[in-house]
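Let the hints inform the model, and build the full structure from the sequences given.
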Amino acid sequence: MNRSETTRSFTMATWLGWQVESNWTDPFLFAIYVIIKPLASAAILVVMYSIITGGAYNSPLFPYIYLGNAFYTYVGAVMAGVSWAVIDDREHYKTLKYMYIAPINIPFYWLGRGVSRFLIGTVAVIVILTAGVLFLHVPLDLTQVNWGLFLVSLLLGVTMLAMMGLILASITLMVAHHFFLIGEAVAGALYLFSGAIFPLEVLPAWLRPVGYVMPITYWLELMRRSLIGEVAQAFPTLAQYSNLQLLGILLGLTVVFAVISVFTFRWCDYRARELGLIDRVSNY
Amino acid sequence: MQSNPSLALSASQKVTGWRLFLKTIVARAYPRVIGQQREKSWIFFDIFLPMLGVAAYVYVYRAIGAPEEYVGFVVMGGAMTSFWMNVLWSMSSQLYWEKEQGNLALYIIAPNSMMAILLGMAVGGLFATALRAAVIIVVGSLMFNVTYSVASFTQLLLVFFLAMTALYGMGMMSASLFLLLSREAWHLSNLAQEPIYLVSGFYFPIKSLNFWVAAAASIIPLTLGLDAMRQLIFPSGALLGFLSVEVEIAVLIVLCVLFLTAAKFLLDYMEKLAIREGRLTESRR
Chain X
1 MNRSETTRSF TMATWLGWQV ESNWTDPFLF AIYVIIKPLA SAAILVVMYS
51 IITGGAYNSP LFPYIYLGNA FYTYVGAVMA GVSWAVIDDR EHYKTLKYMY
101 IAPINIPFYW LGRGVSRFLI GTVAVIVILT AGVLFLHVPL DLTQVNWGLF
151 LVSLLLGVTM LAMMGLILAS ITLMVAHHFF LIGEAVAGAL YLFSGAIFPL
201 EVLPAWLRPV GYVMPITYWL ELMRRSLIGE VAQAFPTLAQ YSNLQLLGIL
251 LGLTVVFAVI SVFTFRWCDY RARELGLIDR VSNY
Chain V
1 MQSNPSLALS ASQKVTGWRL FLKTIVARAY PRVIGQQREK SWIFFDIFLP
51 MLGVAAYVYV YRAIGAPEEY VGFVVMGGAM TSFWMNVLWS MSSQLYWEKE
101 QGNLALYIIA PNSMMAILLG MAVGGLFATA LRAAVIIVVG SLMFNVTYSV
151 ASFTQLLLVF FLAMTALYGM GMMSASLFLL LSREAWHLSN LAQEPIYLVS
201 GFYFPIKSLN FWVAAAASII PLTLGLDAMR QLIFPSGALL GFLSVEVEIA
251 VLIVLCVLFL TAAKFLLDYM EKLAIREGRL TESRR
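Chains X and V, in that order, give the protein sequences.
Heads up: the first sequence runs through residues 1 to 284, numbered per my numbering.
Heads up: the second sequence runs through residues 1 to 285, numbered per my numbering.
The set of hints was computed from the structure by calculation and includes no laboratory data.
Source: prediction; values computed, not measured.
Quick reminder that beta carbons are idealized off the backbone N, C-alpha and C, glycines included.
Treat each hint with caution, since some may be false.
Pair by pair, the computed Cβ-Cβ distance ranges are [said to hold, decoys possible]: (1) X:L151 to V:L273: 50 to 56 Å; (2) V:N103 to X:W147: 43 to 49 Å; (3) V:E68 to X:A102: 56 to 62 Å; (4) X:S282 to V:E68: 41 to 47 Å.
Set out below in structure tokens:
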């Protein structure tokens, strides 16, 4: 693999993705746009929780829900960011065919397109966490955070999400354009099974195994443990695992998804070329 | 040069006036209903994925020990999100999409009413979405054992009819506004999801919010429509209602008249403005 081509594809796509995401309006309006959507999403859960519990924010369940939902922002952002690039280039800008004949590495180009969504997601996560600490008594003390675990988990988790996004992007090559974003649709589905906003024990017993094979479940647990260790460990879902074991599981699943993404891309890319789908415009 | 007689319409066959208006509505509604049935994967994405979202909120309520009627509130709210999504993406943004794809100029030069085209989009979208919403309610109710106790079928049907009329009227009105937008249209539609779910009380009683927030959110017809329907179909709904059902019906009637009238005036104004500024065929990507 040509290293410079790979690097160039990634960095150029990162810049391009940022322009596409942000230059439709002025910076002030864009900043509001970036934070309102995730804040509203978090506020729905806060209102639901406060109605039922009368505002018992000191319960361990509240930071469990709040932090899980905050970091789940990355799931939609990264997976949708990577997979949406296919639809955006193929159907909207009609440039995917030009990307294919340009001297770039297509998977790294798609991954680069996801970086802007990751950055936007990061701003949203910071705003949600800050609001939680300032107004909702989320017990997040920066001096008590396990920063090493946090950074390693974040890096592994984002890599895992990018690989899942690459799988979705490859599949997107084969499907028509729908009004929804396939990445966000899948992220919405995984919201239920990953223990993001409620412990897996709440699910019926026959549905729990789905959550246990999802790497997002382990990633969110690690993020919670790194930020509010003792509170997070109050729930039995993954209590029997140490941090190191959870990291090992997450790393293993990330590698599995990376391998799957490579084979999925090769197969979908081959089929899309064979069927003439690279420049298809489905106009839904 | 001779014209092809099979293609030419005689004066007696030519449809004009209200017949043309009705035929335009049917013609524009047709692809909305048939097109969605042809793309089978839409059924999966339109029903199964919203069900997962509904299930997630149901399990949150169960995790925090909420009374069972809140599960019913979520199922109802989840079904209503289908209508909001349909209005956002297939009504408000539609003229923008048509412009991007080059169909808008064809609509304008054809000898029919643009109002009829918008009504056709609304009727077709409403019918297709109602089927999906019904499936979500039935499946959600069976999955989570939701029980209903309808206080008045007449009022329930009236509230649903008024809420949908006002909602799709709002969609017709905003379609004209979106006509002048470019990429902003996509981002605005994207933005108007979670914040609206929040202020309109899709997953909790709107009464739980501050009175003035709830009052302001009532400009969106689904806010009061959903609140009134919950009051009419759940035993404890009336206790958690924002306003009385009668008042909410009255406000919905006002919203129907307001949005449909505004849609007509705005459509005329925006069409003239778009023609004058040469925006009907622009595609600022």
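Starting from the range 50 to 56 Å, see whether the pair L151 (chain X) and L273 (chain V) falls in it by beta-carbon distance.
-> Holds: the Cβ-Cβ distance is about 53 Å, inside 50 to 56 Å.
Determine whether the Cβ-Cβ distance between N103 (chain V) and W147 (chain X) falls within the hinted range of 43 to 49 Å.
-> violated (54 Å)
Lying within 41 to 47 Å: is that true of the beta-carbon distance S282 (chain X) to E68 (chain V)?
-> Given range 41 to 47 Å: holds, Cβ gap about 43 Å.
Regarding E68 (chain V) and A102 (chain X), is the given constraint of 56 to 62 Å on their beta-carbon distance met?
-> Holds - the Cβ-Cβ distance for E68 (chain V) and A102 (chain X), about 57 Å, lies within 56 to 62 Å.
Comparing the model with each earlier hint shows a violation of hint 2 alone; every other hint is respected.
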